[in-house]
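Colleague: Given the coordinates of chain D, work out where chain Z should sit on it, guided by the hints.
As they're listed, the protein sequences go chains D and Z. The first sequence begins at 0 in numbering that gives the first Met the number 0 and counts up by one. The second sequence begins at 0 in numbering that gives the first Met the number 0 and counts up by one.
Calculated directly from the structure, the hints in this document are not laboratory data. For each residue, glycine too, the CB sits at the ideal point set by N, CA and C. Watch out, some of these pointers could steer you wrong.
[Claimed, not checked] Far from chain D, some chain Z residues (derived; all Cβ distances over 10 Å):
#1 V23
#2 F72
#3 V103
#4 W146
#5 S176
#6 S207
#7 G257
#8 P261
#9 W263
#10 L268
#11 A270
[As the list claims (entries may be wrong)] What the simulated footprint calls covered on chain D by chain Z, stretch by stretch (three residues with Cβ under 8 Å from a Cβ of chain Z suffice, anywhere in the stretch; the number is not a length):
#12 24-37
#13 73-80
#14 99-110
#15 241-251
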Amino acid sequence: MEPVLDARALVKTYGATVALDGVGLSVGPGELVGLLGPNGAGKSTLVKICCGLVKADGGEVAVSGSPAGSDVARRSIGYLAELFRFPGWLRAHEVIELHQELAGSDGGAGEVDRLLDLVGLGAVRSRRVDAMSKGMQQRLGIAQALVGSPRLLMLDEPTSALDPAGRRAVREILETIRGRGIAVLLNSHLLSEVELVCDRVVILNAGRVIAQGSPADLSATKGVEIETSAGIKRWPDAARADTPELVAELVAAGEQVFAVRPITRSLEDIYIEVLEEAEIR
Amino acid sequence: MRTVWIIARHTFKECTRRKIFLIVPLITIGFVVLYGIGNHFAFRSTEGTIEAEPGLVDATALVGSTLVGLSMFVTLFLTSSLGIFLTFGAVRGDAEIGLLQQLVARPVARTRLLAGRFLGASVLCAGYALFLYLACVLVTGSIGGWWPTPFLTPGLAVMGGVVVVIALSLLGSVFLSALPNGIVMFMVYGAGLLGGLLAQLGEVITSSALRTTGRITSWLLPFEALYQAGLNSLTAGATGLTRVIVQLGPLGGAQEGGPWLPLWTLAYLGAVWAATLFAFARKDL
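Isolated chain D (complex conformation) (with noise of 0.2 Å):
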């Protein structure tokens, strides 16, 4: 199946300064895709040369098809900034208005109403942005980024103002957003977020791709660790398959075996450790 977004070798420099050297990236339809990586990494680059907000130097980026920045790209396309603010003079429903008229959406008041309630706004639909909390305008530009049905989410760092239950409620909205076969890629310093909801993760430093896989196999198991009457005993290149075996060894030898743990590594320890290697060389 074609990718939603394609990005191919992409080089974007700032001055001396070498945002992406390379980069190459693919979102299937209807995944969820993670981005993570330190500040100044060129995560937020990235989503905007795939938005056509920033020219890239060098590689090519397509979105359905089409290079990124062409008015089909762009149609296809939900975006919610970083850094992002609507006029303060607006009211939410207006805000939605104003990004379907741009949008060429002809979603109507149906859209407008199923929006807000997907984010949660719909009872203060008519209430002015600059009276909302950080966590509802966070919430109002994602039901932005959602007008005219796009086949491609890009949410750039959309949880970072927001407090536990503002998180969660972000991580809710996405979970419903694959429900209906959006891809998204998700641009997160929160690893746990997006350990929980992203099928993939891409780890970018210093303008490259250092590591990529599901959480699950990135974060795969490394090791056992088996509680005997002799005390903890690890084995760090053991896999799980090994398990049994290893049991079944400690009881010949005479030993009690009280508890065995498959030692896991959670998303965090990986992207630390990818980025101490890639540091390394």
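Modeller: Below, chain Z without anything else, positioned relative to chain D:
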């Protein structure tokens, strides 16, 4: 064109919501009332003084044209200020606070987004300039019985001047943040004004170097050349000693626009607009 209208309408709505349409009319009423009081006393004080030699000096034309000329100065300043405030952060300023990216990511050409801002601000400010000009002319005509001939030309010149200021402000907004662009625009406005004053001074002291410097400056910043042309057309009908005295007054030395000024203004606007679009199209947001 649809997108242009959407953005222009957005500008009108912003003005309504931010109470600009409430505050500006209130201040306008205050200004027109003050102007009316000034007209009343100015015309009354000249009765029987300047017209000591009936037929030599048309006191009504002298006072009327001077007052309307001064009102044009205020009108251009007020409307240009409004235009600058509406546009000084249109590109870089709005991008820095995150207002622009959400709009530009939509399937609309950058050209049209900017054209919408230009149209919205120009219609508002030029419309306001015409309204203010007509209000002042009406006040002067009603109180002093003097009407400019040609009637509309000075007002149209001020309208054109405001549109030039707005175009320059939009161009500046591509390169500068809101505050620096606002400061630069007021300095540019001041430079234009200075050019006009130099030309007038050159006229009075018959210094061709000063006159040429002033004229070149005001044509490089044609909002001033348009304003000068508007002033000049106010007294175009004055003859004889009245014209001589008018030339010695605050309107003295106002440059005649001539047939090239409208063409030059259009070409200038086209060049500024092209430069703005060229820079905006290549700008990373």
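Colleague: Mind verifying the non-interface call on Z:F72? Its CB should be farther than 10 Å from each CB in chain D.
Modeller: It holds; Z:F72 is separated from chain D by about 32 Å at its closest Cβ, greater than 10 Å.
Colleague: Checking a non-interface call: every C-beta of chain D should be farther than 10 Å from the C-beta of Z:V23. Is that right?
Modeller: holds, 16 Å
Colleague: Can we confirm that no CB of chain D comes within 10 Å of the CB of Z:A270?
Modeller: holds, 24 Å
Colleague: With a C-beta cutoff of 8 Å, work out whether three or more residues of the region 24-37 of chain D approach chain Z closely enough for the coverage to hold.
Modeller: violated (count 0)
Colleague: Quick one: see if chain Z covers the region 241-251 of chain D, three-plus residues with Cβ-Cβ under 8 Å.
Modeller: violated (count 0)
Colleague: Taking the closest pair, is the beta carbon of Z:L268 still more than 10 Å from chain D?
Modeller: holds, 26 Å
Colleague: A cut-off of 10 Å on Cβ-Cβ distance, and Z:S176 was said to be off the interface with chain D. Does that hold?
Modeller: With a cut-off of 10 Å, Z:S176 remains clear of chain D, as the shortest Cβ separation is near 14 Å.
Colleague: So is Z:S207 really clear of chain D, every C-beta pair being over 10 Å apart?
Modeller: holds, 48 Å
Colleague: Does the claim that Z:G257 lies off the interface hold, with its Cβ farther than 10 Å from every Cβ of chain D?
Modeller: Since the minimum Cβ distance to chain D is about 43 Å, Z:G257 lies beyond 10 Å and the statement holds.
Colleague: With 10 Å as the threshold, tell me whether Z:P261 passes as away from chain D on beta-carbon distances.
Modeller: Given a closest Cβ separation of 35 Å, the condition holds.
Colleague: Against chain D, does Z:V103 keep a CB gap of more than 10 Å to every residue?
Modeller: Answer for Z:V103: violated, closest chain D Cβ roughly 6 Å.
Colleague: Report holds if the minimum CB distance from Z:W146 to chain D is greater than 10 Å, and violated otherwise.
Modeller: holds, 41 Å
Checked against the numbered hints listed earlier, the structure breaks hints 3, 12, 15; every other hint is satisfied.
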